[in-house]
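Note that the protein sequences, when read in sequence, are chains A and B. Just so we're aligned: 39 in the UniProt record's numbering is position 39 of the first sequence, and the numbers increase by one with no gaps anywhere. Just so we're aligned: 374 in the UniProt record's numbering is position 374 of the second sequence, and the numbers increase by one with no gaps anywhere.
Keep in mind that the hints were calculated from the coordinates and are not lab data. No experiment lies behind these values; they were computed from the predicted model shown. Backbone N, C-alpha and C fix where the C-beta goes; we use that ideal spot for every residue, glycine too. Don't take every hint at face value.
To be verified - With a cut-off of at most 16 Å between alpha-carbon atoms, the simulated EDC-like pairs for lysine to aspartate or glutamate come out as follows:
no.: 1; chain 1: A; residue 1: 291; chain 2: B; residue 2: 351
no.: 2; chain 1: B; residue 1: 291; chain 2: A; residue 2: 351
no.: 3; chain 1: B; residue 1: 431; chain 2: B; residue 2: 461
no.: 4; chain 1: A; residue 1: 291; chain 2: B; residue 2: 155
no.: 5; chain 1: A; residue 1: 284; chain 2: B; residue 2: 157
no.: 6; chain 1: B; residue 1: 291; chain 2: A; residue 2: 270
no.: 7; chain 1: A; residue 1: 109; chain 2: A; residue 2: 55
What the hints assert, rightly or not - To spell it out: a stretch of chain B is covered by chain A in this simulated footprint if at least three of its residues, at any positions, have a beta carbon under 8 Å from a beta carbon of chain A; those stretches are:
no.: 8; region: 67-78
no.: 9; region: 236-245
no.: 10; region: 405-415
no.: 11; region: 447-457
Claimed, not checked - Here's a subset of chain B near chain A, in silico, CB distances under 7 Å, partners left out:
no.: 12; residue: 162
no.: 13; residue: 231
no.: 14; residue: 355
no.: 15; residue: 475
no.: 16; residue: 500
no.: 17; residue: 503
no.: 18; residue: 505
no.: 19; residue: 512
no.: 20; residue: 514
There are 2 protein chains.
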Amino acid sequence: MRRWNGWGDDKFNLDIPEGGQDFLAERIGQASALNDCTLEDVCAKVPESRLPSLDGLSDLIDTSPEIRVRHARGQSLPDWLAMRSGEIGLFPDGVALPSTNSEVQKLLKYVQENDVHLIPYGGGTSVAGHINPVDQGKPVLTVSLANMNRLIDLDRDSQLATFGAGTPGPLVESQLRAHGYTLGHFPQSFELSTIGGWVASRSSGQQSLRYGRIEQLFAGGRIETLQGTLEIPTIPASSAGPDIREMILGSEGRLGLITEVKARITRLPEHERFHVVFFPNWDKARTAARKLVQNRIQLSMLRLSNAIETETQLALAGHPGLISLLEKFLSLRGADDGKCMMTFGVTGSKDQASASLKQARKVCKEYDGVYTGTKLGSKWAEKRFTMPYLREALWQMGYAVDTLETATDWENVDRLLEKMETSLRTGLEDKQEKSHVFTHLSHFYGQGCSIYTTYVFRVADTYAETLERWKHLKNTTSEIIVRNGGTISHQHGVGKDHAPFMPIEKGELGMRAIRALTTSFDPDKRLNPTTLLD
Amino acid sequence: MRRWNGWGDDKFNLDIPEGGQDFLAERIGQASALNDCTLEDVCAKVPESRLPSLDGLSDLIDTSPEIRVRHARGQSLPDWLAMRSGEIGLFPDGVALPSTNSEVQKLLKYVQENDVHLIPYGGGTSVAGHINPVDQGKPVLTVSLANMNRLIDLDRDSQLATFGAGTPGPLVESQLRAHGYTLGHFPQSFELSTIGGWVASRSSGQQSLRYGRIEQLFAGGRIETLQGTLEIPTIPASSAGPDIREMILGSEGRLGLITEVKARITRLPEHERFHVVFFPNWDKARTAARKLVQNRIQLSMLRLSNAIETETQLALAGHPGLISLLEKFLSLRGADDGKCMMTFGVTGSKDQASASLKQARKVCKEYDGVYTGTKLGSKWAEKRFTMPYLREALWQMGYAVDTLETATDWENVDRLLEKMETSLRTGLEDKQEKSHVFTHLSHFYGQGCSIYTTYVFRVADTYAETLERWKHLKNTTSEIIVRNGGTISHQHGVGKDHAPFMPIEKGELGMRAIRALTTSFDPDKRLNPTTLLD
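Chain A extracted, bound-state conformation (with noise of 0.2 Å):
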């Protein structure tokens, strides 16, 4: 079963690797954890709802305290941590499971009629608190759109599939599988977010090199909204206006609820591997990466590991006498300390993947890359979705773990990082803390590239002063970040808590734009109120 507190399915757990706990206890001292609350305990606190009149409305909508538990947080760390003490504060006073189109109308007809608040769930995966209820005094409806889960159509020629806006990643492949087609949108929380959770949040999968981000695979769909139902068509490529797909994109449940996703996908390929190539040092490593994405290489898929992150991996990767092995090899080819790892995708028809690999082999010898072949790149895609669950494991031996993720341009990717780096590095030094801090770099573009930092604390002996810790890390490297040429997010959204930075990196009049359409389409801002802006 899905888990209430955390990540994923209970039944399964992955240890940290042999040496793990000691490569952190060594760089950030030894940890215990906190007390997690029990679902009963957390079920006991939940207050009657609040929702007026549900005549009509009963078989749609569940108010009973443990539905409500497990739609009251996302994945954040703020979200851990009032999930696992169980101050949880505010739960939605309702949770309705529509299966149609007409359904969610009489939803939107409830709330506008009865001056409630309405928050669209899809998998309840935000790290950035898109789906938390907020007190503003009016009772709050969860819409999870959990029902609508399925393949609803196929045009093979256009190469477009629809969905129900709540498929989540496993079945949205799977039922493209059976026809011999892929939507390839991978993104890290595939096992759980939804296709209209990636559409609303503006999402991007892994292999965004080959397949686009979300916005590039969004070709049209339905959204229901308090003003009625917009149909957006799906037309290839338009000279006709402003996209209106691009206002959806990213519109966190402001202007209504996204029901129907079509969606652009791609023939399986005949060939996918990941390939591992180590460089040297970053500055090597990082020239590289941009001349593979900047030469248009057909690759898949491209990550560049910092020195810090490659030796994380390599201490994390169990199997430690093989790491040692290929370490001596690394270093007898010029990739010593400092090393940098690099893992690209090759995707396509036989020839394709082949032409690629060769272009892409060159540029890596030209900054003297040692490839070594397949191996730990077909670990790193077996492993691509359960990292999340090293969060559990992390958990439970006393260290908080969180990322924080930007976009810039090149000419800025070095500045950034570093700053962004000690930042979280140094954050904690007045309360005699460490954490440990590394980074990759991800979702490449001819202009820049996606920064990608995760950090490991200590929890503090209380859960308040664990969540102050987190507050201090969080705040001030999100306002390095848009202070200094990134975005607030490349592919976790804005929700609550990036909504603050959101006016520094768009402007007043940026701003202004944003809210003239969620102004237009919620004039009573009754659809997840607070998220993206006030």
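Starting from the known structure of chain A, fit chain B onto it as the hints suggest.
For chain B alone, coordinates are given in the frame of chain A:
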């Protein structure tokens, strides 16, 4: 010097090749030209400027007749008829040529304070009435960005170039070429259209398959609005809410004046060639084209002419002897009557180009394509921007030529193409007139492509009747496009001519979204009113 009443430089004339006139006469009859009005006659008709109090702005705003004539109309067929007949109707009351952002701000302040309407003007190449003044009882100031035509900044690492928005195609490319870069945006209007105009009208270039549409090339920039300056930061990609760039793209002057464009550029390619393949019939040709793009073969350009366009192009190619040899060669290989010509470009490193060419030829062969090398492709490349001059030559012979274009999903391409061609071919039957109609597909996407249809008809005895013929063809066929799954424009924008068809395509709520933006930025509808939407 630039023609005041037609396309391009008046020293450059393109002759109809040998046999061209007979070819048309055989199909739609002999024609005779209408009399053109002179520039002097039109200047004499220009009324007094209605612009109030030019205190402090008289250096910036020119109210003399000739400049007002030269900025009164674009390049649509009704614009041609207006200019050729001298019945232009409304002229702008003055033309401003600002050189700086602060001058643009001054002009905005002026129109705001003096109840004047403002039309932003790029290259004046609109074929949809974007820059034509309309009579709303207010003085009209046209603001040409022509003096803002410099490369302002170049970031080599991030491959970003900042241009003044009025920079025309050749100046974009020549300023970049000096540094070893290209933007790669080559619309048919390249010679005159500007980078700011491309953004404002969501333009697409002939090599969009490699470089992307202007949406992919526009990284950010500066827009002067009545509410202040909107600066869009350059961020490679972001999940921070709806994308402001995408609200400016296609805004057609309704939100403000784009003054600076930051564009994503590419190193000049090592290799570029255009290859031509003939297919025995449309079905095979269209399927091959679809496969090429759906298999993600790295091409830089793809264009597929239907049988009538192929026949027309070969007839108008000149060199009838050589063409006859070519046709014998093709016929022996199965591409005879009904054959369709495909042109594709391969661009990139030599390795990439040879890999792509190999992959592309393999697909073409599967569908019985007869490869003919690069000779015809080089001809296409050489003449790619001179085609608009042909219009002048045809006009002098008494033929009017126009194009209609859309984009639709693959599943719908044949059906819509057939409807468009039939509508244009039969539209003048009750006037006992014929049109010569032919089509190519271009701008290919996994999901679909652009349909680009050219139609030639004889001018009538009068300008008024010629305009009536055009109106009938244009409006009936435009209605067919939006009622049958096409966009009202894939690459020409909306302007005033396509505005009536927008609500059918976008729906009531789509229009609400766009209107929310225009109302927020320009509540009094001072900027380019009636363009895009009311």
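_Interface hint compliance - residue 500 (chain B) to chain A, C-beta minimum distance less than 7 Å_ = violated, 12 Å
*Holds or violated: the region 405-415 of chain B covered by chain A, criterion of 3 or more residues with Cβ-Cβ distance under 8 Å?*
With 6 residues in contact (Cβ-Cβ under 8 Å with chain A), the coverage given for the region 405-415 of chain B holds.
*Should the interface hint for residue 512 (chain B) be scored as holding, given a Cβ-Cβ cut-off of 7 Å against chain A?*
With a closest approach of 6 Å, the residue 512 (chain B) hint holds.
_Does residue 162 (chain B) hold up as a contact with chain A if the rule is Cβ-Cβ below 7 Å?_
Result: violated, 12 Å to nearest chain A Cβ.
_Satisfaction of hint between residue 351 (chain B) and residue 291 (chain A), Cα-Cα up to 16 Å_ = holds, 15 Å
*Is the interface hint for residue 505 (chain B) satisfied, with its Cβ closer than 7 Å to some Cβ of chain A?*
Since the shortest Cβ distance to chain A is 6 Å, the answer is holds.
*asked:* Min Cβ distance, residue 514 (chain B) to chain A: is it shorter than 7 Å?
replied: With a closest approach of 6 Å, the residue 514 (chain B) hint holds.
*When you check the alpha-carbon spacing of residue 291 (chain A) and residue 155 (chain B), does it fall within 16 Å?*
Distance of about 15 Å is within 16 Å: holds.
*asked:* Quick check on the hint: residue 475 (chain B) CB to chain A CB, less than 7 Å?
replied: Check failed: Cβ of residue 475 (chain B) comes no nearer than 16 Å to chain A, outside 7 Å.
*asked:* For residue 291 (chain B) and residue 270 (chain A), compute the direct alpha-carbon distance and say whether it is at most 16 Å.
replied: holds, 15 Å
*16 Å limit on alpha-carbon distance, applied to hinted pair residue 284 (chain A) and residue 157 (chain B)*: holds, 14 Å
_Coverage criterion applied to the region 67-78 of chain B (partner chain A; beta-carbon cut 8 Å; 3 residues)_ = violated (count 0)
Violation of the numbered hints given earlier is confined to hints 8, 12, 15, 16, 17; the remaining hints are satisfied by the structure.
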